[in-house]
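J.: This is what each chain is made of:
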Amino acid sequence: MAVLASVALLAIDHQSHRLNPLRASLSFLIDPLKYLVDLPSTLITQTSNSVNSYVELKKEVERLREEQFIHQTKLLKFAALEKENIRLRALLENSFKLGEQVLVAELLSINMAPFEHIVLVNKGTRFGVHPQQPVLDANGVVGQVVRALPLSSEIMLITDPNHAIPVQVNRNGLLTIAVGSGQLNRLVLPYLPNNADIQPGDLLITSGLGGTFPQGYPVAVVDEFTRQPNKSFAKITATPKAQLDRNRELLIVWSKSTPIPLTSPQTANEQKIENHADQ
Amino acid sequence: MNKKSKTMQINSHYGFWRIILTLLLAMSLRIAPWPHPLADINPDWVLLSLIYWSLAIPERVGIFHAWTFGLLTDVLTGRLFGQYALAYSLVIYLCLKLHKRLRQYPIIQQGLFIFFCLLLSQLLLFLIKNFQHPAQLQATFWLPVFSGTLFWPMVYTTLRFVRLARRSK
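Top to bottom, those sequences are chains R and G. Residues in the first sequence are numbered consecutively from 1, following the numbering used here. Residues in the second sequence are numbered consecutively from 1001, following the numbering used here.
Treat each hint with caution, since some may be false.
Quick look at which bits of chain R chain G covers, simulated, 3 or more residues with Cβ under 8 Å [claimed, not checked]:
1. 18-31
2. 101-111
3. 230-240
Capping the alpha-carbon separation at 25 Å, the derived lysine to any residue pairs in SDA-like fashion look like this [claimed, not checked]:
4. Lys1097(G) to Val3(R)
5. Lys235(R) to Asn247(R)
6. Lys231(R) to Pro1134(G)
7. Lys235(R) to Asp223(R)
8. Lys58(R) to Asn247(R)
9. Lys1129(G) to Tyr217(R)
10. Lys123(R) to Lys83(R)
11. Lys123(R) to Pro1134(G)
12. Lys59(R) to Thr47(R)
13. Lys1100(G) to Pro1134(G)
14. Lys1097(G) to Leu4(R)
15. Lys1129(G) to Val146(R)
16. Lys123(R) to Gly1062(G)
17. Lys231(R) to Arg186(R)
18. Lys1129(G) to Asn247(R)
19. Lys235(R) to Gln1138(G)
20. Lys83(R) to Leu64(R)
Pair by pair, the computed Cβ-Cβ distance ranges are [as the list claims (entries may be wrong)]:
21. Leu103(R) to Pro1153(G): 41 to 49 Å
22. Arg63(R) to Leu1123(G): 49 to 57 Å
23. Asn85(R) to Leu1025(G): 52 to 60 Å
24. Ile1107(G) to Gly182(R): 36 to 44 Å
25. Glu106(R) to Ile1107(G): 39 to 47 Å
26. Phe1141(G) to Glu106(R): 28 to 36 Å
27. Gly210(R) to Ile1057(G): 20 to 28 Å
28. Thr1068(G) to His71(R): 47 to 55 Å
29. Glu224(R) to Gln1109(G): 46 to 54 Å
30. Pro131(R) to Pro1134(G): 42 to 50 Å
31. Glu224(R) to Pro1037(G): 24 to 32 Å
32. Leu22(R) to Tyr1105(G): 37 to 45 Å
33. Pro1134(G) to Ala8(R): 34 to 42 Å
Honestly, the hints are just simulated from the structure, not real lab data. Virtual Cβ for every residue (Gly too), placed ideally from N, Cα, C.
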């Protein structure tokens, strides 16, 4: 009986998404447990925050203020550049995608599947999170949402062996795919020929192909390029820009799937700046 | 007579909560954020405690419990629905079949049986995973089987303590 039931469940869940409501309702039972397990580490960070000394806090505020100032000045120029970019694209009669919304989600420190790079965050479908949304941190791309439950959602990191992300070399626009290696500090680029124009130190950014990840976010830095004369592809590894093992705060991104019409670049521009201010 | 049956009822109800609580504790141990080398050997606590309860009180903990908690573990670890349910219910079926014999065994022989139970469950999980998509696995995938066998005496004594503490009240 139980075996038949489980096999049926396995088959249905593998074929379709029809069991998602059941999973969602069971997750209401289970999610409190996840938060309970996360509680000790949250308490530790909170107490360590509350016993920080006044001097340290003041130092940090000063540092953050400086950073904010620098970023603000950079943004001033960014607005002008963006306008110029839209104008140039209008000349080429090209559409331009922009305007992204973000949601800050916090990592729950629990270990779900020890052999996969999947983490859990504390925002779920109640906040409008849905599968295949890209997830970033302050330094680069972290991964994508693979399953959204009502109170939490599961995120596959870009270093998971089953994950691949379309990237391009920032220096020359060379397109390729970065595949996870199973190690937290390494990505592999298995599909580039031996004569590819790529060198250690090159920044890889998302190419926007495939539609999951918005274009232009930093993903990784190439750190090794070995030619393999007897094989058709070179051996290239890269280090992710995002701090996958350290960050507790992640950004879940809503990218607009429809391009913004070129007839009103002004409003699009304003929207982008607003969104950045929100961040 | 009436009074006695009433206390027995309360007792059984009490025992029910004990079982649920130990299983929930096992589930939280399952997802606890161990530091890296420990995370690889984190055994399947839920299965270990299910095995204990099915050996100790087979009339109360059976395949239904195994299947339900397997399903909950699926949700907990975000796996395909039913894979832990399948593995757990098969293992618990074996335990129920053999519980009279197993109770007589010394702890080492019991440990051998537990080893095969854990191996069976891990094999089933591996098969299902491979069925989904060809899986790349490190050898560490099999470590929880060994560590689970080593942890069995500890689980056994702890849960026995929990169960007998209930009886004495």
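J.: Run every hint past the structure and note whether it holds.
T.: The hints, checked one at a time:
Only residues whose beta carbon comes within less than 8 Å of a beta carbon in chain G count, and the segment 18-31 of chain R has 7; three or more means the coverage holds. With 3 residues bearing a CB less than 8 Å from a CB of chain G, the segment 101-111 of chain R meets the requirement of three and the coverage assertion stands. Coverage of the segment 230-240 of chain R by chain G is violated in this model, with 0 residues showing a Cβ closer than 8 Å to a Cβ of that chain against a need of three. As the CA atoms of Lys1097(G) and Val3(R) are separated by approximately 16 Å, the hinted pair is consistent with the 25 Å bound.
Between Lys235(R) and Asn247(R) the alpha-carbon distance is near 29 Å, which puts this suggested pair outside the 25 Å criterion. Pair hint Lys231(R) plus Pro1134(G) holds up; C-alpha atoms about 24 Å apart against a cutoff of 25 Å. Distance check on the hinted pair: Lys235(R) and Asp223(R) sit about 11 Å apart at the alpha-carbon level, within 25 Å; holds. Annotation: proposed proximity of Lys58(R) to Asn247(R) holds, straight-line Cα distance about 22 Å (limit 25 Å).
Our distance criterion of 25 Å between C-alpha atoms is broken by Lys1129(G) and Tyr217(R), whose separation comes to about 32 Å. Using a Cα cut-off of 25 Å, the hinted pair Lys123(R) and Lys83(R) is violated, with the two alpha carbons roughly 34 Å apart. Straight-line distance between C-alpha atoms of Lys123(R) and Pro1134(G) comes to about 31 Å, which puts the hinted pair past the 25 Å bound. The suggested pairing of Lys59(R) with Thr47(R) holds, with an alpha-carbon distance near 19 Å, which does not exceed 25 Å.
Between Lys1100(G) and Pro1134(G) the alpha-carbon distance is near 40 Å, which puts this suggested pair outside the 25 Å criterion. The hinted pair formed by Lys1097(G) and Leu4(R) meets the criterion: a straight-line CA distance of about 19 Å does not exceed 25 Å. In summary, the hint linking Lys1129(G) to Val146(R) is supported, as the alpha carbons are separated by about 17 Å, within the 25 Å threshold. For the suggested pair Lys123(R) and Gly1062(G), the alpha carbons sit about 36 Å apart, so the restraint of at most 25 Å is broken.
Only pairs whose Cα atoms come within 25 Å are accepted, and Lys231(R) paired with Arg186(R) is accepted, the gap being roughly 22 Å. For the suggested pair Lys1129(G) and Asn247(R), the alpha carbons sit about 29 Å apart, so the restraint of at most 25 Å is broken. For the proposed pair Lys235(R) and Gln1138(G), the alpha carbon gap of about 21 Å is at most 25 Å, so the pair holds. A hinted pair counts as satisfied when its Cα atoms are at most 25 Å apart, and Lys83(R) with Leu64(R) does not qualify at roughly 28 Å.
Judged by the Cβ atoms, the range 41 to 49 Å given for Leu103(R) and Pro1153(G) holds: they are separated by roughly 47 Å. Against the hinted window of 49 to 57 Å, the Cβ-Cβ separation of Arg63(R) and Leu1123(G) comes to about 53 Å, which satisfies the hint. In this structure the supplied range 52 to 60 Å holds for Asn85(R) paired with Leu1025(G), their Cβ-Cβ distance being about 56 Å. The hint said 36 to 44 Å for the Cβ distance between Ile1107(G) and Gly182(R), and at roughly 37 Å that hint holds.
Evaluation of the 39 to 47 Å hint for Glu106(R) and Ile1107(G) yields a pass: the beta carbon distance comes to about 44 Å. Between Phe1141(G) and Glu106(R) the Cβ separation comes to about 30 Å, which falls inside the hinted range of 28 to 36 Å. Separated by about 54 Å at the C-beta atoms, Gly210(R) and Ile1057(G) break the suggested range of 20 to 28 Å. A hinted range of 47 to 55 Å holds for the C-beta pair Thr1068(G) and His71(R), which are about 52 Å apart.
The hint said 46 to 54 Å for the Cβ distance between Glu224(R) and Gln1109(G), and at roughly 52 Å that hint holds. Roughly 22 Å separates the CB atoms of Pro131(R) and Pro1134(G), a value that falls outside the hinted 42 to 50 Å. Here the CB-CB span from Glu224(R) to Pro1037(G) is close to 26 Å, well matched to the stated 24 to 32 Å. Under the hint 37 to 45 Å, the C-beta atoms of Leu22(R) and Tyr1105(G), about 39 Å apart, fit the expected range.
Between Pro1134(G) and Ala8(R), the C-beta spacing of about 24 Å breaks the proposed range 34 to 42 Å.
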